[in-house]
Amino acid sequence: MTGPPPRPPFHRRAMAWCRSMVDGLLRRNRIEADMREEFRTHIEMRTDDLVARGMSQAEASRRAHVEFGHVESHRAAARAARGLRWVDRLRFSWVDVRLGLRMMVKHPGLTLVAMVALALGIPTGMAPMHLAEALDRPLPEDSGNRIRTVRFWDPASGVMTLPTEGDLEILFDESSSFESLGAFRNGAFNLASPDGRAASVPGAEVTAAALAMLEVAPLMGRLLDSEDERPGGTDVVLLGHDVWTSRFGGDPEVVGSTVLVGRTPHTVVGVMPEGFFFPFRDQLWVPLRRSPATGPGEGPPLRVVARLADGVTTDEAHAEVSRIRLPDTHPANRGPSRLALEVVPFSYMYVGLPRGGFGALPEFHFMRLLGGLLLLVACANVAMLVFARTATRFRELAVRTALGAGRSRIVSQVFVETLVLAVCSAGAGLLVVDVAIRRVPWEVMAGSSILPYWVDLGVPMSVLPWAALFTVMSATVAGVVPALRITRGDIHGNIRAADSGRSGVRFGGVTGALIVADVALAVGVIGFAVGITGYLNELADSDLRVGVPAEEFLAVELRRSMNETPALGEAAASSQSFGAVQERLRERLASEAGVRAAVFADALPRMNHRSRLVRVDGPDRDDASARWVRVARVDVDFFSQLRQPILAGRDFDRGDIDGDVRPVIVNARFVEEMIGGEGAVGRRIRLVSSAESTDDPWHEIVGVVGRLGMNTVSRNGSPGVYFVEPAGSIHPVQLGVHVGIGPEEFAPRLREIVSETDPSVIVGTPVVLGEVQQGDWYVAVGITAAMSLLVGILIALAASGIYAIVSFSVSERTREIGIRSALGASRTTLAYTILRRALAQLGLGALFGIPLAAWLLLQLQDPDAERGAMLATIARSVALGLGTVGLVGLVSCVAPARRALAIDANDALRAE
Amino acid sequence: MSEHAEILPGTLDLLILKAVSLGAVHGYGVLLRIQEISGGAIAIQQGALYPALYRLEHRGLIESEWGRSDNNRRAKFYRLTGSGREHFVEEEAGWRRLADAMSLALAAETREVES
Chain A
90 MTGPPPRPPF HRRAMAWCRS MVDGLLRRNR IEADMREEFR THIEMRTDDL
140 VARGMSQAEA SRRAHVEFGH VESHRAAARA ARGLRWVDRL RFSWVDVRLG
190 LRMMVKHPGL TLVAMVALAL GIPTGMAPMH LAEALDRPLP EDSGNRIRTV
240 RFWDPASGVM TLPTEGDLEI LFDESSSFES LGAFRNGAFN LASPDGRAAS
290 VPGAEVTAAA LAMLEVAPLM GRLLDSEDER PGGTDVVLLG HDVWTSRFGG
340 DPEVVGSTVL VGRTPHTVVG VMPEGFFFPF RDQLWVPLRR SPATGPGEGP
390 PLRVVARLAD GVTTDEAHAE VSRIRLPDTH PANRGPSRLA LEVVPFSYMY
440 VGLPRGGFGA LPEFHFMRLL GGLLLLVACA NVAMLVFART ATRFRELAVR
490 TALGAGRSRI VSQVFVETLV LAVCSAGAGL LVVDVAIRRV PWEVMAGSSI
540 LPYWVDLGVP MSVLPWAALF TVMSATVAGV VPALRITRGD IHGNIRAADS
590 GRSGVRFGGV TGALIVADVA LAVGVIGFAV GITGYLNELA DSDLRVGVPA
640 EEFLAVELRR SMNETPALGE AAASSQSFGA VQERLRERLA SEAGVRAAVF
690 ADALPRMNHR SRLVRVDGPD RDDASARWVR VARVDVDFFS QLRQPILAGR
740 DFDRGDIDGD VRPVIVNARF VEEMIGGEGA VGRRIRLVSS AESTDDPWHE
790 IVGVVGRLGM NTVSRNGSPG VYFVEPAGSI HPVQLGVHVG IGPEEFAPRL
840 REIVSETDPS VIVGTPVVLG EVQQGDWYVA VGITAAMSLL VGILIALAAS
890 GIYAIVSFSV SERTREIGIR SALGASRTTL AYTILRRALA QLGLGALFGI
940 PLAAWLLLQL QDPDAERGAM LATIARSVAL GLGTVGLVGL VSCVAPARRA
990 LAIDANDALR AE
Chain B
262 MSEHAEILPG TLDLLILKAV SLGAVHGYGV LLRIQEISGG AIAIQQGALY
312 PALYRLEHRG LIESEWGRSD NNRRAKFYRL TGSGREHFVE EEAGWRRLAD
362 AMSLALAAET REVES
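Protein sequence lines correspond, in order, to chains A and B.
Going by the numbering used here, the first sequence opens with residue 90, and the numbers climb by one from there.
Going by the numbering used here, the second sequence opens with residue 262, and the numbers climb by one from there.
So that you can see chain B by itself, here it is in the shape it has in the complex (with noise of 0.2 Å):
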């Protein structure tokens, strides 16, 4: 089994969103940025990424602009827009709902059933 999780369904704009809430940052610096706050444990295609961010810049939740790297590369920066910032934090409550009525799900033992 691979050391890196897979992502499920649905939630790559979700981290992709949070990578870009810590700071403005340019398409490959999101997959850096993922795989450093996942502690390496998430690993994206990484040309998939780029059809994500197009999407949430068409649905207007972040938004670019060029500018220079930290090796003063020509690159595309991606922030947070105001109504991405609003979707990101429902999106986060809902996930944390979800991964907490997992865990719960996931950690009853038999007599808890029975009873």
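This is chain A alone, in the form it adopts within the complex (with noise of 0.2 Å):
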């Protein structure tokens, strides 16, 4: 014999592998019958076999099964030669999901407890996933995900830069990676309705190529065509569905009418259908007519949509466009960084992600980490609380290790219960995600469309993969490894230990220092959340002290339509056109009954102002001294009508705006921060722009203000400098008009007044300036929302780690109890027995808790407030967050507590 014989050629045998492990998983119940009934038919047949040999039928069948072997043993060694053998270890069947509901049932407590930290934990460990995902999606319109945007992106400052009409006729010439090539421009345009008014219309300006390559039919009419791109063409207009059937009453003969979009006739030519919003959210396609002639980099910016061509993958389109070689000449050369050309999916346009996507954000990777941390700390206190329920039912564990029931098999059932108990918690928890996102009208609440229409923050279906695979992930964590830790020893041990009632399983030093972390950490912020509230409280106090009378101002937004934009060249006759109405608006204003100031500025107090850096010229100042300061941008009047005391210095006059570099005037706070507290007039400051040239003019400080609403998170209010601008040079303009109280009354007239100086401004929604609600008042509640959620996340937690180990205690001690009680050991005295120890963890908890609730407060403190005022924040903050856990910890504790205290001292120790 020369060694053992080829086995069957490999394909052969993987392949015959392959299908009965597939039929041993998916047709597990069908081979447990047909193995029951072989067995069951080879019995038969040797019984048959010795009846026929003379035997009784009795003795005949008894000799067939003894004949046959223990008929499980056999049966077990059949699935194990089938390859089965790990699919039985780690077996899922019906029975322990019901047991798993069943558990959930019968401790109510545990399961609230677990359900909130994992409906709060798996969604927020998700969160940074669904959020990238919903933000990079291709174009609902664009099923083979071939639209594509071309950019300009500087990767040292991460900031996008957009093409110019130019630069569009190189992509045309230069470029075969595009199948077409299309450009926009978003804007609003006034569009009046068949009764006359008119009203904005969010739109944008697009060459035909971008809605073709779009393929959606229009509803009525046709789409733009090229034809309607040409200069001199008639005007045409195509609607959104939504304007249709709002604006035009959904009128079947609106296609070939007339209608106004700002003060030119368009020529209505189709509808688009419902729920077509290409580019951003936008109802309204005018043709983009491109200035004749430009060179690369010249000429007005507009975003560029591309479609792939066939086959042609991003990556290749994207080293194609790279290889464009742009003149010296061109902008993109001149910075101090080079601009390259990108190719990227068309939702970075408006997201501003680097080509890499999400990945390529360091800050993406850190909110995945800090997002999967929360879930972990919320599995490891689940883990806590199943491992106490899986220590109250050792007993059972080990009369089943004892009857033969494998280590892994004991823990897959516990798996099982525990991913039932994670499964509900994860559907709870994205289903409330899912209805906070579309029930709650965040753009209502927001003022406007915040998100582009291909964006849906609601709960996907292609986001349940990765809710599946962190609730297994969970389960694995707060079940698997507490079943472990219970199943682990020698079987005779666990059962002597199981009769005598106790289950040798003790929380170890690492579930306890994880419950004091639990506690120090909800102490901590929750100290630090009610300071915050406390602080935003003020804040909202101190809101409306903006150094005007906020109620009793009407703040509306004024812009020129979309379409009367100022070509290249026009844009100071533009300026000049809407200064005057500018101007004119202020003389109807000024003779308007009522109406005590009107004031143009790009932002008025209480908005969102801008930040910028800004340097401080002077001898002891270096060019390191440059700092973000908020920046207005104000007409000359501005201080006078709004009756601002000019605290040194002067006011702006005609005078300053008559030259290239105008005087600033800045507030106190400036002075403070940034000049030292006095001899600001006379000084000079300059804005540094990122490209960090020496471009930036130098302007002097002529007066100084105070406090005018620049910020109204910062108590004391921000930094800030106020430019000098002419009528017309602020586009869009915030117009603010004081008129007294109730100032919404004066809406209408407003809206009147404005049209009848020039119908076709757009004029925005009026609002009481008291009642704005902008970028840091949004950040002020984004705080207050993110603190709230993880100040109930942590309580959900401390408590849950609190129940286990206080119910786990009372299990454990069920006979010491009725001892103690039958000894005839008071009822304090027994409850301070039972939550001993975990009063000692919440205790400990809060030593740790407390420094760091001093320590965030800190942080957030001004400085300069008064140290007195500063302590009593803190302390007043911290016994807050102290009594709310030590309220959440013994209201954890009562249920345990009531249940150790009706322990029957005769039935315990007859239990023994």
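Be aware that one or more of the hints could be misleading.
[As the list claims (entries may be wrong)] Cut-off 20 Å, straight-line C-alpha distance, at most; resulting in silico cross-link-like pairs (EDC-like, lysine to aspartate or glutamate): (1) B:K337 - B:D274; (2) B:K337 - A:E133; (3) B:K279 - B:E351; (4) B:K337 - A:E789; (5) B:K337 - A:E833; (6) B:K279 - B:E297; (7) B:K279 - B:E370; (8) B:K337 - A:D137; (9) B:K337 - A:E905.
Hints in this document: simulated from the structure, not taken from any laboratory.
Assembling the complex is the task here: the two chains are given apart, and the hints tell you how they should meet.
Here it is in structure tokens:
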């Protein structure tokens, strides 16, 4: 013999193996039934044979069974022979699922706490991925995922720059990766309804190619075509479904009619179907007419949309586009860093992601880590609960082990039980998130369309695999780990321990430390959150103290209709005409009864002011002193109209707007923080652009004013600079009208006045200045909401930990409590005995939590605040944090303690 | 000493393949056929037959199908697959070589060794 015979070819063995495994996994019940039937047939055939040989039926049957041997053992061996041993070990059966559901009902407290922890933890863990997926999604019209955009990107600063009309020509000429190339510009258009009322409609100037590449047929009429783009051609407009129904009553004859867009009559050529909002949330499209003969980098900026040619990947298109040589005179080559042309998914146009998407952002990975950590803490706490619950079933598990159940079988059962809990929790969590996102009117609250139409933050089906992954991971941490811990050790020892009524299982140092950390974190964050809430309340109080009686002001945004935005070279003339409108408006308002003042600025007090890097000139200030400050561009009468006293220097005057470099006025906070408190007038400041050029002119400070609501989140306001601008050069412009009590009643009149002055001006929604909720306000609300969520999660986690240890400790010490009770221990002594460990952990946690809360609050406090007041705030917040956690801890202790005190001494001893 | 021969480890699979190679047969029939072709010399513990049958099926050497037995009982019939037939031929040849070598070795006389 030369060795073992050759085996069948690998592919045959592999195929047979795969078929057998698939059968074993998918047709498991069938295989089991077949096996039972086959064994039964065998025994019956043998019985028949023996009967035929003259044996009695009963004796033959007994003999046949004996000869066959132990049926269960043969069945187990047969299953193992089929390679299903590991499937058996991790067997997932409906019995386990039912048991899991029963355990949830049997331990409602644990179920509730674990569900809250996981329902918060699983969506939190998933949130970064979900957000990335929602924002990084192809357009709904783009079924082949071929629509891309081309942009300039500065990798150094992460700033996106738009190509210009001239750049589009280069792309047309030098790229072959695209099937079609189009462009558009978003904006607002003043559209007049048939009744003559004009209102702003979000829309876009768009090339015919951009619309055509989406392959969406119009509901009526036609799309825009390239003929419409010809300068001097007929002015045409394509309407969105929403505008058609709301403004034209769904008029079936609308195509071919003439409507007024701005001041220009346009012929309606078509109506788009419902749900079409390309490119952002637009409802009106006019042809994009490009300036004739513009060179690279010249002409107005626009957004490029491109459809990849068949079989061309984004990378290939990108490689081609990035090879395009731009002339040295191109703005992309003139800045401090060379800008590169990039081909990226269309959604990056608005989200502003680098080419690598979210994966290229370190912040994204940090967020993912943070979410994962929170989920891990939640899982660890639920693990403790499951650990405690499993420990109470120690006797059952020990006996089952003795009867032949493998450790893996028991672990898989506990895993399935926890999985049931995790699935319910994840489902509940996702449902809450989905409802919160879909039902809460975020857009109404924000006052405008904040997200592009293709972004739906609701929970889509594509998130479910992630949810499943997180759920299984959670169940593994929370179920398998405790089960492994409970089932370790020898069977005999376990049964002896179970017989004595104890599990022999202890919460170790790690679990204890985890609970202490939970409590500490809860005290810290709750304290911090209480402090923040107090701080925000103070802000809310001081919110209206912005230097003007904001509740008496009506504010409205004015802008030119987009189709009347000046072409290149006409900007000066246009701003003069817009300025003339502004001046006429001022005169009209001055003569209007009840109007006390009217001001124009890019941001009024309480509104979101832009932040810019500003540097102060001076002998003791080097270039490193540039700091972020809030800036506003205001008209010359801004401060006089607002009746703001000039604290030092002078107010702006008409002469200031004539020069090329205009003087500025700064606020008192600016003087304190940037100039050292005095001598501001006469000093110079300069805006620092990100491109670090020396072109930024110096502006002389001519005056100082008080606080004027530049940043409502900062109690003392932000340092700020006011730049004076001639009428018409601020666009869009905010008009603030001081009309006294009940300014909202003046809103219709204000619209009338603007419309009478110039019907083409787009009038935004008038709001009472005191009710403006912008940027800073959202920051404050966002922080509060995030804090509340975090506090909720931490309370749930801390409560679950405390509940677990107390509950477990009671079930473990039934006998001891019984004996103590029989020996006459008072209820107070018993309660103390039961709660001692929990109280110790609470105390220890609090001890660590207090400095944490204090430290967090110190980060928040204004360093200039009075020391006593600061300490009082910290003390109050920490006390509230302690109180909350203490209360939660005690409530968690109540149910187990009551259970313990209800133990009858005789029953406990009889059970022994 | 028992009148039945103890089967050597690893030989059960070969015996089953032989029994099945003679025609499709159900589990109990495999047992009877082995007893028959071995002249009643080889007895197998009945229940132990099935893990071996399932192992061979799992490896793709035999396949099974439900049918009716002679006395009209529903029974699972096993037959050799192509791959099983090749495997059986190779195993059988190997076994014969081993058996011949064993017989030869055991038949050796003292003088043969000395020479």
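Hint by hint, here is what the structure shows:
no.: 1; hint: B:K337 - B:D274; result: holds (18 Å)
no.: 2; hint: B:K337 - A:E133; result: holds (14 Å)
no.: 3; hint: B:K279 - B:E351; result: holds (12 Å)
no.: 4; hint: B:K337 - A:E789; result: violated (101 Å)
no.: 5; hint: B:K337 - A:E833; result: violated (88 Å)
no.: 6; hint: B:K279 - B:E297; result: holds (12 Å)
no.: 7; hint: B:K279 - B:E370; result: violated (34 Å)
no.: 8; hint: B:K337 - A:D137; result: holds (17 Å)
no.: 9; hint: B:K337 - A:E905; result: violated (60 Å)
Of the numbered hints listed earlier, those contradicted by the structure are 4, 5, 7, 9.
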